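If you read the sequences in order, they're chains U and G.
For the first sequence, numbering that gives the first Met the number 0 begins at 0 and goes up steadily by one.
For the second sequence, numbering that gives the first Met the number 0 begins at 0 and goes up steadily by one.
Hints are computed from structural coordinates only; laboratory data are not their basis.
These numbers come from a predicted model, not from an experiment.
Glycine included, C-beta positions come from ideal geometry on N, C-alpha and C.
Careful, some of the hints might be misleading.
[Stated by the list, open to error] Coverage of chain G stretches by chain U, computed from C-beta distances (three or more under 8 Å per stretch; other residues unrestricted):
1. 23-33
2. 135-149
3. 670-677
[What the hints assert, rightly or not] Over 10 Å on every C-beta distance to chain G, these chain U residues come out as not near it, computed from the model:
4. V12
5. V14
6. P17
7. S46
8. L51
9. G94
10. K115
11. S129
12. Q147
13. A152
Here is what each chain is made of, one letter per residue.
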Amino acid sequence: MSTITFTLNNSQVTVDAPPMTRLLDLLREHLHLTGTKEGCGEGECGSCSVLLNGELVNSCLVPTLQVQGATVTTIEGLGEHTHLHPIQQCFLEEGGAQCGICTPGMILATHHLLEKHPAPTLDEIREGLSGNLCRCTGYMRIFEAVQQTAKLAEAGK
Amino acid sequence: MEQQTPQPITESKIVGVPTPRIDGPLKTTGTAMYSSDHHFPGLVYAWPVTATIASGTISGIDSSSAEKMPGVLAIYTHKNIGPLYRTPPSAGFSMILDERRPPLEDEIVRYYGQYVAVAIAHTVEQARAAAEAVKVTYNKTPHDTSDKLLDTPTIAGKLKEVTKRGDTAAALAGAAYKHDAVYSTPTETHNPIELHASVAVYKDGKFTLYETSQAVVNHRDVMAAMLGVPPENVQVITRFLGSGFGGKLWPWPHALLAAASARNLNRPVKLVVGRSMMFQSVGHRPAIDQRVQLAADKSGKLLAIQHDYVNHTSMLDDYDEGCAESTGFMYSCPNVLATSGLVRRNVGTPTSMRGPGAVPGLYALESAMDELATKLNIDPVQLRLLNEPEKDESTGQPFSSRHLKECLTVGAEKFGWAKRNPAVGSMKDAEGRTLGWGVAACTWIATRTDAEVNVELRQDGAARVACGTQDIGTGTYTAVAQMVAHETGLPLQRIDVVIGDSGLPPGPISGGSWATASVVPAALQAAQQARKQLLSLSTKTDGCPFKDKSVDELEFVDGVVRIKGQSSGGVPFAEILKTANVRSVSGTGKSTGLFGDPNQKFSFHSFGAQFAEVTWQPEIARLHVSRVVTVIDAGRMINPRAARNQIEGAVVMGVGMAMLEATEYDHRSGGPINASLADYIVAVNADCPNIDVTFLDYPDFNLNPLGARGVGEIGLAGIAAAITNAVHHATGIRVRNLPVRIEDLLVAPGNKTS
Ligand code: FES
Ligand code: FES
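Okay, chain U solo, but in the shape it has when bound (with noise of 0.2 Å):
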């Protein structure tokens, strides 16, 4: 067991934990925050994504050890469901979830890509959302949705 403290959506919080337990398992089950999916747990399906210092990463191959100090964001520390974040409500809208699964990863990763280029190509996008599946939107609901917040953010300048 280790003893961990970081900062979470805002928050500081120490857990012990073994410290090879994958962050996505630290947050799911222990933290009970069940907002961050797993699809694959190997690094390939971006569904597990959220930002660590800023960066997005999978958080199934993030070990809790490396988050100690960190900062780490997750889909509960963007928006609360009575208060949507831009992005869930331009995803909302546009229809950019569907089954609703790999939408946490790909809203974070649309935070990530927007903070880099907030008016993003149409390149700029697949590229920024490559680490991400969906299997149910075909993607261009989503690609809409990103543009959509880049054109709200623009516009509330």
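Take the given structure of chain U and dock chain G with the ligands to it, following the hints.
This is chain G with the ligands only, laid out in the frame that chain U set:
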């Protein structure tokens, strides 16, 4: 059976209006509860041990060291899993499952990946480590995972006739124009992004099972039978499903492992099926060989169709893909023969995958039509228009609603088909890449199954609608809310949809694209019953302005009870309930199924046409699907936005089917070798073409009063053939063995080509 025939509903403020999903806020915030998200005090974890041979018997299982590992609670094998039973034969639409053998039934192994034991521990890591420490020894016997199917011994010893009219052999012998080819499709794995999972809770003899299920009611019945308890002792819950594509229609053995472990240990157990196991024991679309023979006269009029298919199945279960489902009615043709055959292989049991039967079947038939068009020197759109039937020639029934011709002509117009030069490799885009244009027609069965719905109008001003169906990502929550909104005039935010629980009034499976069509009559009827009860209550409640009026004088509009036609003086229903001190009024509605009803008056099918453009750069051997136009005739869309999503998703899945997807068996071990999302390639965002979707608006009121059919499968039914036909147009190479591989295209024409 006498059907309820309510009036067609042609006008609506909400049905047919593009509507964002009502469950969108839950999904985008990660608060929607999928099966593996459930947690309970004392929860422990299961990890299965899977067979590393494809045929043989277990000679020994040594779990002694695994049992001593930290956190381990139990290792179950065929010796100590406890009672698990097989199901009685399914009758009609109940008690369905594809792999009928309960897990750990005996020491026999029939496929690679079959469960041979399961480890239970306090954490998932401990369970996995223990499972890996279980030593299993086997007596191996030879296995067969060969993908050569046609002309290998079938279970029945001969091919079974599926549909037949006229004299196909004579027509084929005498025809001036003929085509004869074999089309092969590989094992495909559904690969929904959500892993299959079970969280089993056992208490006082009762099971509460949080499952990844597309059919909670059937799942309950099967689990009860296999666990040997009465159905009322099992409740199955699937609030949200991370998609299934057919793979989650029927229970699979892992669900039994979780439930039996929970029973044995008397504590909640979570079992999440690993991605590699999802290539082994939760079904797949089988490998299929199809021989298609066509004959036509000089004008292109079809004279004969013969369609013989063989699919693999497992050693114990007989799964028939049903590839000739549409062969009998797709085109007008006097002589038709279709046959099927099953061959045994040492593979997990196959199951329905999106558009079972029709999707691979139409890949073969529509490829053959394209090849025939080339031989006849007739435009492929024209060839299909020429052979349009007046009625379903396989049954003699009129089509309830068939607008395939319009799908083809509208699609051709949108695509710009008139500019197509039929000569192979003759068309280039602005950058000099070779273009290929292909077309295919598609169809999918429409039907309605039994369903029951309850609608409650509550004192808090909201409506609750309950049905034991489930939303697998297609938008059922929203569609059901729209139906009740239509009938009650309440806004969507005031309608609670409760589904995904086997304890609710029995609802339809989410498969076959039938859920929506099945729910419609029941939902409308239930809302009407609730309204009647409300109006009746209004006439009997002291202090209500409508006391002693007759019910016939009243109406319920936009959530308000009023005198018919009078826009003022209305009372919100919540107030009437409050005045009467009644918590809610409710009504129940029932839909009766059409599926398998021999007295059906109509042939119910949806139709469509799909046009694909590929770009081909021979110098770097790069093939890309650049554009797909789809026109669908599937009745009225209750939610055109969700329907469009379904078609777009299917088109991209179809790009995968045509160009990427295949489960490869390692014939030495018998196991699927590319059992990961890195090696089983699905279409990703870089593969996704420009997609145009058009719905023809012909409500099918013979099916239900809203005229809705369903769009889950049809978008996948023509796409593979449209793409391979386009590949031929671009390259001159006819790929009859999916997926299209670059290696196929490097072969010179004349070698393996038409
Ligand atoms: S679960 Fe982590 S990438 Fe798939
Ligand atoms: S919405 Fe289902 S996987 Fe993306």
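Holds or violated: is the Cβ of K115 of chain U farther than 10 Å from all Cβ atoms of chain G?
holds, 17 Å
Coverage of the segment 670-677 of chain G by chain U (three or more Cβ within 8 Å)
Contact hint for the segment 670-677 of chain G vs chain U: holds, 3 residues under 8 Å.
Given as non-interface: P17 of chain U, partner chain G, CB spacing beyond 10 Å:
violated, 7 Å
Taking the minimum C-beta separation from V12 of chain U to chain G, is that value above 10 Å?
With a cut-off of 10 Å, V12 of chain U remains clear of chain G, as the shortest Cβ separation is near 17 Å.
In terms of Cβ atoms, is chain G entirely out of 10 Å range of V14 of chain U?
The claim stands: V14 of chain U keeps its Cβ more than 10 Å from every Cβ of chain G (closest is about 13 Å).
For S46 of chain U, which was marked as not at the interface, is the minimum beta-carbon distance to chain G over 10 Å?
violated, 6 Å
Grab the minimum beta-carbon distance between A152 of chain U and chain G and tell me whether it stays above 10 Å.
Check passes; 17 Å lies beyond 10 Å.
Beyond 10 Å from every chain G Cβ: check whether that's true for Q147 of chain U.
holds, 12 Å
Would the least Cβ to Cβ distance between S129 of chain U and chain G come out above 10 Å?
With a cut-off of 10 Å, S129 of chain U comes too close to chain G, as the shortest Cβ separation is near 6 Å.
For the segment 135-149 of chain G, do at least 3 residues have a Cβ located nearer than 8 Å to some Cβ of chain U?
violated (count 0)
Would G94 of chain U pass as off the interface with chain G, using Cβ distances and a cut of 10 Å?
violated, 5 Å
Chain G versus L51 of chain U - minimum CB to CB distance exceeding 10 Å, so not interface:
holds, 17 Å
In this structure, the hints that do not hold are numbers 2, 6, 7, 9, 11, in rising order.
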